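**Q** Chain residues, written in single-letter form:
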Amino acid sequence: MNDPSAAILTTVARCRMRMQLVAVARRAGITIPLAIVAVELFAVTSAAVSGQLVAIAGGALALAVAIAALPSILRVPSIRTSAAAIDTRLRLQDRTVTAVQMLDDADPMARLVVRDAAKRLSSVSPGRVFPFELPVHFSAALAGTLGATVLFVVMTAIRGQAGAPPNGSDGIRSAGAAQSGRIGKPPSNAQVAEGAAPAAVAAQPKASSQTPAAREDTPIGRESAKNEPAEQTPGRSGSTPRAVDADRSAPARDVGAAAGARDSGRGATGFAERTAAAAGGVSGTIDPNPADATRRAARAAAPAGAVYRDQYRIASGRAQSAVAQERLPARLRTYVKRYFVAIHP
Amino acid sequence: MTSIDMVQAQASAFRATFDSLKAEIGRVFVGHSALVDHLLVCFFCQGHALIEGPPGLGKTLLIKTLSDAADLRFARVQCTPDLMPADVTGTNILVDTPGGQREFVFQRGPIFANIVLADEINRATPRTQAAFLEAMQERRVTVFGVTHPLDVPFSVFATQNPIEMEGTYPLPEAQLDRFFFKLNVPVPDLADMAEIMARTTGDQQTRVNRAVDLDTVRSMLGLIRQVRIADETMRLVLTLVRATHPDVEDALPEVKQYVRYGASPRAAQAIILAAKAFALVDGRYHVAAEDVRRVAVPALNHRLILNFHGEMERITATSIVDRVLAARGHA
Numbered sequence: 001m002n003d004p005s006a007a008i009l010t011t012v013a014r015c016r017m018r019m020q021l022v023a024v025a026r027r028a029g030i031t032i033p034l035a036i037v038a039v040e041l042f043a044v045t046s047a048a049v050s051g052q053l054v055a056i057a058g059g060a061l062a063l064a065v066a067i068a069a070l071p072s073i074l075r076v077p078s079i080r081t082s083a084a085a086i087d088t089r090l091r092l093q094d095r096t097v098t099a100v101q102m103l104d105d106a107d108p109m110a111r112l113v114v115r116d117a118a119k120r121l122s123s124v125s126p127g128r129v130f131p132f133e134l135p136v137h138f139s140a141a142l143a144g145t146l147g148a149t150v151l152f153v154v155m156t157a158i159r160g161q162a163g164a165p166p167n168g169s170d171g172i173r174s175a176g177a178a179q180s181g182r183i184g185k186p187p188s189n190a191q192v193a194e195g196a197a198p199a200a201v202a203a204q205p206k207a208s209s210q211t212p213a214a215r216e217d218t219p220i221g222r223e224s225a226k227n228e229p230a231e232q233t234p235g236r237s238g239s240t241p242r243a244v245d246a247d248r249s250a251p252a253r254d255v256g257a258a259a260g261a262r263d264s265g266r267g268a269t270g271f272a273e274r275t276a277a278a279a280g281g282v283s284g285t286i287d288p289n290p291a292d293a294t295r296r297a298a299r300a301a302a303p304a305g306a307v308y309r310d311q312y313r314i315a316s317g318r319a320q321s322a323v324a325q326e327r328l329p330a331r332l333r334t335y336v337k338r339y340f341v342a343i344h345p
Numbered sequence: 001m002t003s004i005d006m007v008q009a010q011a012s013a014f015r016a017t018f019d020s021l022k023a024e025i026g027r028v029f030v031g032h033s034a035l036v037d038h039l040l041v042c043f044f045c046q047g048h049a050l051i052e053g054p055p056g057l058g059k060t061l062l063i064k065t066l067s068d069a070a071d072l073r074f075a076r077v078q079c080t081p082d083l084m085p086a087d088v089t090g091t092n093i094l095v096d097t098p099g100g101q102r103e104f105v106f107q108r109g110p111i112f113a114n115i116v117l118a119d120e121i122n123r124a125t126p127r128t129q130a131a132f133l134e135a136m137q138e139r140r141v142t143v144f145g146v147t148h149p150l151d152v153p154f155s156v157f158a159t160q161n162p163i164e165m166e167g168t169y170p171l172p173e174a175q176l177d178r179f180f181f182k183l184n185v186p187v188p189d190l191a192d193m194a195e196i197m198a199r200t201t202g203d204q205q206t207r208v209n210r211a212v213d214l215d216t217v218r219s220m221l222g223l224i225r226q227v228r229i230a231d232e233t234m235r236l237v238l239t240l241v242r243a244t245h246p247d248v249e250d251a252l253p254e255v256k257q258y259v260r261y262g263a264s265p266r267a268a269q270a271i272i273l274a275a276k277a278f279a280l281v282d283g284r285y286h287v288a289a290e291d292v293r294r295v296a297v298p299a300l301n302h303r304l305i306l307n308f309h310g311e312m313e314r315i316t317a318t319s320i321v322d323r324v325l326a327a328r329g330h331a
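These protein sequence lines map, in sequence, to chains A and B.
Here the first sequence stands for residues 1 to 345, where the numbers follow this note's numbering.
Here the second sequence stands for residues 1 to 331, where the numbers follow this note's numbering.
These are computed hints drawn from the structure, not numbers from a lab.
From a predicted model like this one, the values you see are computed outputs, not experimental measurements.
Each hint can be trusted.
Looking from chain B toward chain A, a few residues come up when the C-beta cut is under 7 angstroms (computed):
id, residue
1, Ser3
2, Ile4
3, Arg228
4, Ala230
5, Glu232
To list a few chain A residues with every Cβ distance to chain B over 12 angstroms, as calculated:
id, residue
6, Thr10
7, Ala55
8, Val150
9, Val154
10, Gly160
11, Gly305
12, His344
From the three backbone atoms N, C-alpha and C, an ideal C-beta is built for every residue, glycine too.
Using the sequences plus the hints, can you model the full thing?
**A** Here it is as C-alpha cells:
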C-alpha cells in the first residue's frame, strides 16, 4: 500500500477485530462448558422430555456465546490499545503505538516513524499475531464439564436400567425402592421388572393348583377370592409369612400397594399411582374393566421414547423368563403381565 | 533530497559516529560496554555525568579518550580542598596593553573546554563545587558581573571515590540533581583485566584516532531532540519518576520505608533525552519502553535520597530503582 498511514490503520483495525474474536473465543471456552453443565443439571432434576431438552440446550449454548461476546461488543479496544497489543505481541518496540499517534504529523521524524512502522506491519497477519488461545481456567472447566457429563450419563443409565420413566428422581427413587424390597411382601412393580420377584415370591407357601391358562385369564379380584380358601390353610398354621396374610385380607388393595402405594410413600408420584390403578387400584376397589384401565394408564403415563422402548423390551424379557422359570401364584403372574401392559410404550 | 531523507541520513550518520567513537574508546578502555554507551549518550545529550568507582579503574582515561576521539577540547581539574572557584571559572587579571596602559582581561579557566573532567569532585569545598553549578546548568560563567557563554558541546564529567570519605565534601542534593547520569565503574572481570595488562605493560602504546570532528558532533546534538516519543512511553517515564517519591499514594513499600526524597522532573528529562539517544543508536526514530528501562538506573540512582533507615539497612538507590521498574513490569 502506498500510503503508510492507511496501511497502519488497516492493519491495526484488522488486528483489533481479530483480538475481539480471540477474546470472545476465550470467554466462550468457559461459558460454553458452564452452559453444558447447567443443561445437564436441569435434565437430571427436571421432568423435561428430550425435545424440550434439545431446545433448552440450544438456548443455553446461544446464551453462553452471547455472554462471551457481550464484553467485546460493549468495550471495543481503541486503536491505540490495539496498536500497543500488536507491539507487545510482535516485539515491535512501541513502533505501532508511536506511529498511530503520529499518523497526521508532517514532521520528517514522525513520517519516518510511520514509514518504519508500516514497513514492519506490511507482512503482519492478524491470525498469526493473535492466534486462538485457550482460556486460563479452560482445563478446569473442561474437567468439570467432563465430570458432570459422565455423572449425567451414569445417572441416565441407572434410570434406564431401573425401567422407570425418564422423569428424573421419581424413576431413580423407584429403582431404589425396588432394590430394598423386603422378603415376604409381594414384589413391587420395580422388583418384578428387575427380576427380583423370585426372591420375594419364594416366601409364598405354595403354588396355586390352577392351570397356567386359567391363572392368567382370571381377573385379580375374583382370582384372589377363589384362591383364598386354598391359601388360608398354611397361613393359619402360623408359619405363613406376613405377605400371605396381607394378600388374604385385602388382595386388591395389596396389589395396588405393590404397584404403587409403596412407591408413593417414598415419594413416587403419578406414574406409579396410575400404574397401580391399572393393576387394581390403591383404594382397594376392583376396576370393573381392567383392560380399559390398563390402556388408560398406558396412554397417560407410558413414555414413547426409543430408549424407553429398549428398556421396556429388556425388562419385559427378563420378567417373562422369570415368570416362566418360577412357580408363581396366578395372581402375581397376572399382576406382572398387567404391569407390563400398563407401562407398554 | 527531501527533508525526510535528510533526517534519515543524519540518523544514520549519528549511528555511525556513535559506533566509531565507541570502537575508538574500546581500543584504549577495556570492557564496560554499557558504561561507554551511557557515557556517549550523556555526551550527545549534552549532559553531565558523575562517575563513581574505586581508584585505578580508568575513569580519567575513559574521559580523556572520549575527548581525543571526538577531537574536543579537554580540561582536567584536580579537585582539592584549596581549589578556588576562580581556578575553575577563570578570573580577571591585570595585563599591560600595547599602548602602555593596564586593563583587566578575563582569563578563561578550565571550565571553558568541551569536556571538563572534575577529578575527585567531592574533595573540593562546597564553594568550589558551587562554581560548577552555573556552568553545568546555565552553560555560562559570570565573573565580575560579566557573563561568558561556554562552548558547545560542553559536558562536565566528575569522578568521585566512594571509598575515601575522610576530608571530602559530599555533593549536595541540588548539585547531584544537575548530573544527567551517575555511572558506576565496576571492577573489570578477569578477561578484561588480562587485556588491560597486555595493553598497558607492553612496549606498544595504543593511540586514539580521531573518529569524528567537532562540527559533526555539533550537527548531531539537535537530532536527538527530534526523536519522537509516544504518550504511552512518556506516561511510563512520568509514573516511574513519581513512583520514587515516598509521599505518592501508590509508592512501593520499599520506597515509603527507605526513601526520603524522590527524583525531580529533571530526572524525567534525563530519562527521555537519553532514551531518545538510545533509540537513534538502535536505528529507531521513536522511543521504546526498552530505552527507558535502559537509562532509568543511571538517571535515577543519584537522585534518590535515602533516609536514615535506608542507609542503616545498606539499601542502595539502584536497588530501589530496580524494584520500581520491576513493579511496572520493566525489570
